[in-house]
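Visitor: Next come the chains, spelled out residue by residue.
There are 4 protein chains.
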Amino acid sequence: MGSNSFGEIFKITTWGESHGKALGVVIDGCPAGLLIDEEEINQDLSKRRPSQSKFVTGRNEPDKAEILSGVFEGKTTGAPICIIIYNQDQDSSSYEPIKHLLRPGHANFTYLEKYGTFDYRGGGRASARETVCRVAAASIAKKILKNYGIEVVAYIKKIGEVEAKISFATPQELRKKTLQSAIFCPDEKGQNKMIKILEDIIEEGDSIGAVVECQIFSVPTGLGDPVYQKLEAKLANGILSIPGTKGFEIGEGFSSAMMKGSEYDDLFILNDQNKVVTKTNHAGGTLGGISTGMPIIFNTAFKPASSIKKTLETLSIDHKKQRLELPKNSRHDPCIAIRGVSVVEAMAVLVLADAILLQKAIKHF
Amino acid sequence: MGSNSFGEIFKITTWGESHGKALGVVIDGCPAGLLIDEEEINQDLSKRRPSQSKFVTGRNEPDKAEILSGVFEGKTTGAPICIIIYNQDQDSSSYEPIKHLLRPGHANFTYLEKYGTFDYRGGGRASARETVCRVAAASIAKKILKNYGIEVVAYIKKIGEVEAKISFATPQELRKKTLQSAIFCPDEKGQNKMIKILEDIIEEGDSIGAVVECQIFSVPTGLGDPVYQKLEAKLANGILSIPGTKGFEIGEGFSSAMMKGSEYDDLFILNDQNKVVTKTNHAGGTLGGISTGMPIIFNTAFKPASSIKKTLETLSIDHKKQRLELPKNSRHDPCIAIRGVSVVEAMAVLVLADAILLQKAIKHF
Amino acid sequence: MGSNSFGEIFKITTWGESHGKALGVVIDGCPAGLLIDEEEINQDLSKRRPSQSKFVTGRNEPDKAEILSGVFEGKTTGAPICIIIYNQDQDSSSYEPIKHLLRPGHANFTYLEKYGTFDYRGGGRASARETVCRVAAASIAKKILKNYGIEVVAYIKKIGEVEAKISFATPQELRKKTLQSAIFCPDEKGQNKMIKILEDIIEEGDSIGAVVECQIFSVPTGLGDPVYQKLEAKLANGILSIPGTKGFEIGEGFSSAMMKGSEYDDLFILNDQNKVVTKTNHAGGTLGGISTGMPIIFNTAFKPASSIKKTLETLSIDHKKQRLELPKNSRHDPCIAIRGVSVVEAMAVLVLADAILLQKAIKHF
Amino acid sequence: MGSNSFGEIFKITTWGESHGKALGVVIDGCPAGLLIDEEEINQDLSKRRPSQSKFVTGRNEPDKAEILSGVFEGKTTGAPICIIIYNQDQDSSSYEPIKHLLRPGHANFTYLEKYGTFDYRGGGRASARETVCRVAAASIAKKILKNYGIEVVAYIKKIGEVEAKISFATPQELRKKTLQSAIFCPDEKGQNKMIKILEDIIEEGDSIGAVVECQIFSVPTGLGDPVYQKLEAKLANGILSIPGTKGFEIGEGFSSAMMKGSEYDDLFILNDQNKVVTKTNHAGGTLGGISTGMPIIFNTAFKPASSIKKTLETLSIDHKKQRLELPKNSRHDPCIAIRGVSVVEAMAVLVLADAILLQKAIKHF
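Sequence order for the protein chains is A, B, C and D. Be aware that the first sequence starts at 0, since it is given in numbering that gives the first Met the number 0, and climbs by one per residue. Be aware that the second sequence starts at 0, since it is given in numbering that gives the first Met the number 0, and climbs by one per residue. Be aware that the third sequence starts at 0, since it is given in numbering that gives the first Met the number 0, and climbs by one per residue. Be aware that the fourth sequence starts at 0, since it is given in numbering that gives the first Met the number 0, and climbs by one per residue.
Be aware that a few hints might be false.
When chains are identical, the list treats them as one kind, so a pair holds in a single copy or across two.
[What the hints assert, rightly or not] Calculated pairs, DSS-like style, for lysine-lysine (alpha carbon to alpha carbon, straight line, at most 25 Å):
1. 175 with 164
2. 259 with 53
3. 188 with 320
4. 20 with 142
5. 20 with 74
6. 98 with 74
7. 319 with 309
8. 259 with 188
9. 74 with 359
10. 164 with 278
11. 259 with 309
12. 145 with 359
13. 195 with 175
14. 142 with 359
15. 176 with 309
16. 362 with 142
17. 362 with 98
18. 20 with 63
19. 145 with 175
20. 53 with 308
21. 98 with 278
22. 176 with 359
23. 259 with 175
24. 195 with 309
25. 175 with 46
These aren't lab readings, by the way, just hints derived from the structure by calculation.
Using the sequences plus the hints, can you model the full thing?
Guide: Next comes the structure, spelled out in structure tokens:
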């Protein structure tokens, strides 16, 4: 259906390169009547970077999203919504010296193999810059989730060997704590240890991987579609489409391998409101790919950033041995997962919005 | 595009319930001229169960796939291929006593919430029985991979705390060792320890989770499509659509969280045949979602089977507390991942076949 | 999305060849809870042929549809519905003598060019036999339309120069008159003249084309999706996918070319129930591709059947001049449009059902 | 797949309203390596209007397309191509006086019914203005056709009762004659009569319908996909998605209804180059939905423009009787089909480009 599109009914198509004129997203299938404020989208975009954080490099000027279509008098009209973000800072001259080199951990080799061309300016479509479009689209999709009271919160769970301890009174509290952290980690103790690691990483000119956890609260039962569009299958598709991700797990995930059925099975009980819930939530919020009504919990593994301040052995495109040194002014993220937090959240929002519309289509006959 | 379909060009649509009359798959978009032998498909189906293994329960009669269309005089014609597998053993009377109970770890609660109906006979579409159709379809798709010399091999990597050590001379050797094992584990020592665990699990009437690893060899460069159809994103979608799966990781996967960029980056070098390869393969065979030509390596986490020989507290559909005891003659798999091995393999084959056709469509202009 | 599939949410995939073992259809995306009776489907299938009509040849035994999945205890479950129709009469030996000949007006030449193979038994996937699956699927889809009171009626409008005059009190009356006719033409006078033409055609061993008109009554406003899935665009797609069709027009259609805006424009007025309607219906029930609430009226042009009882000059597949004479026992339809009536109706039903579900998905936000 | 998208592999998604900030198209699935010149696209856009023609109204400033992504150093890169066309002339104040009126023949009533909103500025997404995006996209798609030597030429065939006589030595000659005509009609005599009709229509402040014919030359055999994506079915879908179209016919089309099989069947013969062709081409270039290699010929019926300089009775959105008089400065096309010529051509190009890529995907196994 086009490899730059995602979703069945609420469907996004993104375009634009990291060092081209602009990037953008077209949202098709968005219901009419949703209240949209351009300013809100821009606030969501700025949230991709924790405020005053030295752990996330940024372009000098903030991104500015502009809605070009699909919204009239502050409301969606049902027409496709195009949001454009012009690249303020598209100077790619610093890439000139390395334009003929295969970059370890980057996609320029594979794009060359696939397309026979080689866009040496930044990462092209493989760049994490593309994800700004997902966050903008999710800013619209969130309006659908809001109708159902659904809350999506992602945060840093693990960096190196340090794992955050997550405790919170309400989803709102969890989000607040997350946004207060310079590295989007809601656990203050854990965060401090992680920051220590990151400071070392920055000093070394190196990078490090991380795990981002995402929780979705107040999910209605019945979302997700068997067999190939199970909710977790769509989430996994969306998550693994984020640059730098290497793994997805839901509920107990890879720990399930070491568990017995007798400890794993989530028993059905009635809660205080006489609603069917499960006593535990090892499954992570779905059964048979359909939401149980329990919180959906999933983890995303991010690799360490490929761009580091070290000289690397590599090859040129004509297969000569070369040494790769990145331009002095290159941006380096010590931990791309921090910026990834809002993208994980965005993909979860997009999957949920689509699942809601799909469910509306077939319900109540 | 229909939640029972998978793939863009080489596209499968499966149908049928675990206790209905039959199951089947329609393959659309299969190139003409592939040599097909019904017997070969049936051999692939029988491989879902290790020979003489007590660790996998099975229906009494073997599955018998019949090609109803799309093949003429032993060759595919380009028309849709329908393969049907009649259920030999569709007696669901033993489910009668538990027909009104929510089954922990099963999908009958969520199907009820989604569809307002409750098919109490086995797992319906949520049953692992559906995967027989994927294996049948992959048996056709393999013919496309064969043209490129691609080999896909999956096996048990981990059960409980025991992790197999994988060493092999050739992909063929790896497959041979895997098929010789009663639990599809190619490492004899590891396998023996795992068997010990499984024997205890059977005695306890319990079940256990596992990790299945899959390797894809001789992959051409350039397969996979940016941005939302990255090869790993499609694999993750396919894998998480398998009943009982809880996680997917490629290359270093979740271990990436603890790695530094300087140790993670795979450096480009020339191999003996003057071909560009990477010195290491932490990425697991893709960069930017496109194949590098290195082996693709991914892991799948399987949860422990939900059906165990223990009495469980649960609710009835009218919200009364009940005790659930499975029928005496119910089938119990101590470790569903063993049967999952061939399904993981099948999904990888289907993803690769589709990626090959998509790449053919746009190449060489 | 697979060239053997049709529809976005209510989606059918058909398979099977005219002289293969069986044909079938998989319906994905059908809402749960619809009451289904296998017998009703078979009645719809038998309606493809007017009763006791000499103007439509038929297989000796009636088609017998069997539901293999997706229906439990008389209701749809939300799972994919597979309906199979076994070919009773798959003897293709009579095609042996002409197996090496290109058949004028048939698709064996183009299938050979496309796929490199040549299924000489009947028309394979190009055969009108495939349409039995569409009628079976529409038999299910009709249940969705019924919820909205929508009625679809198709009939023969024109054969040769004779055009039927259509007058009717109610849609039900129109359908009744149509079903009473030996050629599905509700205008008795016109029908008699057409029958005279057909009798001559049969005597000559020739065939003739026709126009089928279809009306859809009680259509809710708001169905159809701009821009590329306008209701008429989807109808046109569906109609032109029926074997033997050569044209589609909605409302005034090709007559529009000779009309002025001042006579064409349909003025908005209030009807007796204070509902907005249009005074005339030149547009044929849609504006901007979305239903107005007025009846949808469209025409389908059918070509004369290619198979006639005359010897034709042709080529063999190795490019030698040959004479083609059809087997003595070949079936000949003097006018394929008669059998096409129920297929046109089926495609209209399928398009409407899908449009209803798509509209449900985005409505009321 | 999103109602603002068209195509399976070469896939366009358009966005933007007639009186919004901008319109645009995203092309996904375009092969890499095609030579692209922004200037060429702008030339194609300007061709939508015959030069110095009084029969087509136009915006004051010409459209200016800008490529925002997907092209690097003059070549397509395989990344999605976004082309934007800013609306120079988006003043919609003249629509203020009629903003509360249902406009006969327009889509504002149906959009209101579907979406609950009412964009009173011009036609929104229903406006023919959207088609500028199709022409821009086709300008890229033509590069694919060029590789195969395929030529697509559309022209005015009929206005009122006047039908053009089409004779030409080569496709290039036909195109040249068409572009020389003030109304895109390659037959000088016919054109003169049509111009007389149009001059009367303009004087009356009325509008008139027309038929546009399109021929596609040098089509390879084997394009188009059975069953639901027959070449003519995709063309019909594409054509009926153009605003103002009411009918599509291929080959003999609706005339087939009056023909006998013995006169209709196209006999296979060898041509001078020993290639299989058909003696006649009543079918219009396809059999079974797949191209025969003969020219594809199809007609499109356009209705008369709805906007005329006459006062019309109508209703307001609150159901009061009103009189509708269009703003003095409204644009009036006496015959929208003239502008439709290049859009018909564009849709044919898009369908062919997609069919070529689909065929590449499955060929030669």
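Visitor: Each hint should be assessed against the structure and marked as holding or not.
Guide: Evaluation of the provided hints:
1. 175 with 164: within (16 Å within a copy, 45 Å between copies)
2. 259 with 53: Answer is between: at 18 Å across copies they meet the 25 Å cutoff, but 44 Å inside does not.
3. 188 with 320: neither (46 Å within a copy, 42 Å between copies)
4. 20 with 142: The answer is between: 24 Å across copies meets 25 Å, while 29 Å in one copy does not.
5. 20 with 74: So residue 20 and residue 74 pass the 25 Å test across copies only (16 Å; inside, 28 Å).
6. 98 with 74: between (45 Å within a copy, 17 Å between copies)
7. 319 with 309: within (20 Å within a copy, 64 Å between copies)
8. 259 with 188: between (32 Å within a copy, 22 Å between copies)
9. 74 with 359: Both, since 21 Å and 20 Å are each at most 25 Å.
10. 164 with 278: For residue 164 and residue 278, only the intra-copy Cα distance (21 Å) is at most 25 Å; the inter-copy one is 37 Å.
11. 259 with 309: between (45 Å within a copy, 12 Å between copies)
12. 145 with 359: Both: 15 Å inside a chain and 19 Å across chains, each within 25 Å.
13. 195 with 175: within (22 Å within a copy, 48 Å between copies)
14. 142 with 359: Both ways: residue 142 and residue 359 sit 16 Å apart in one copy and 18 Å across, limit 25 Å.
15. 176 with 309: Neither way: residue 176 and residue 309 sit 35 Å apart in one copy and 42 Å across, limit 25 Å.
16. 362 with 142: Both: 21 Å inside a copy, 14 Å across copies.
17. 362 with 98: between (54 Å within a copy, 24 Å between copies)
18. 20 with 63: Result: close both inside a copy and across copies, 13 Å intra and 16 Å inter.
19. 145 with 175: So residue 145 and residue 175 pass the 25 Å test inside one copy only (17 Å; across, 50 Å).
20. 53 with 308: Within one copy only: 16 Å inside, 55 Å across.
21. 98 with 278: For residue 98 and residue 278, only the inter-copy Cα distance (22 Å) is at most 25 Å; the intra-copy one is 57 Å.
22. 176 with 359: neither (34 Å within a copy, 38 Å between copies)
23. 259 with 175: neither (36 Å within a copy, 29 Å between copies)
24. 195 with 309: Within one copy, since 21 Å is at most 25 Å while 48 Å is not.
25. 175 with 46: within (12 Å within a copy, 52 Å between copies)
In summary, the structure is inconsistent with hints 3, 15, 22, 23 from the numbered list given earlier, while agreeing with the others.
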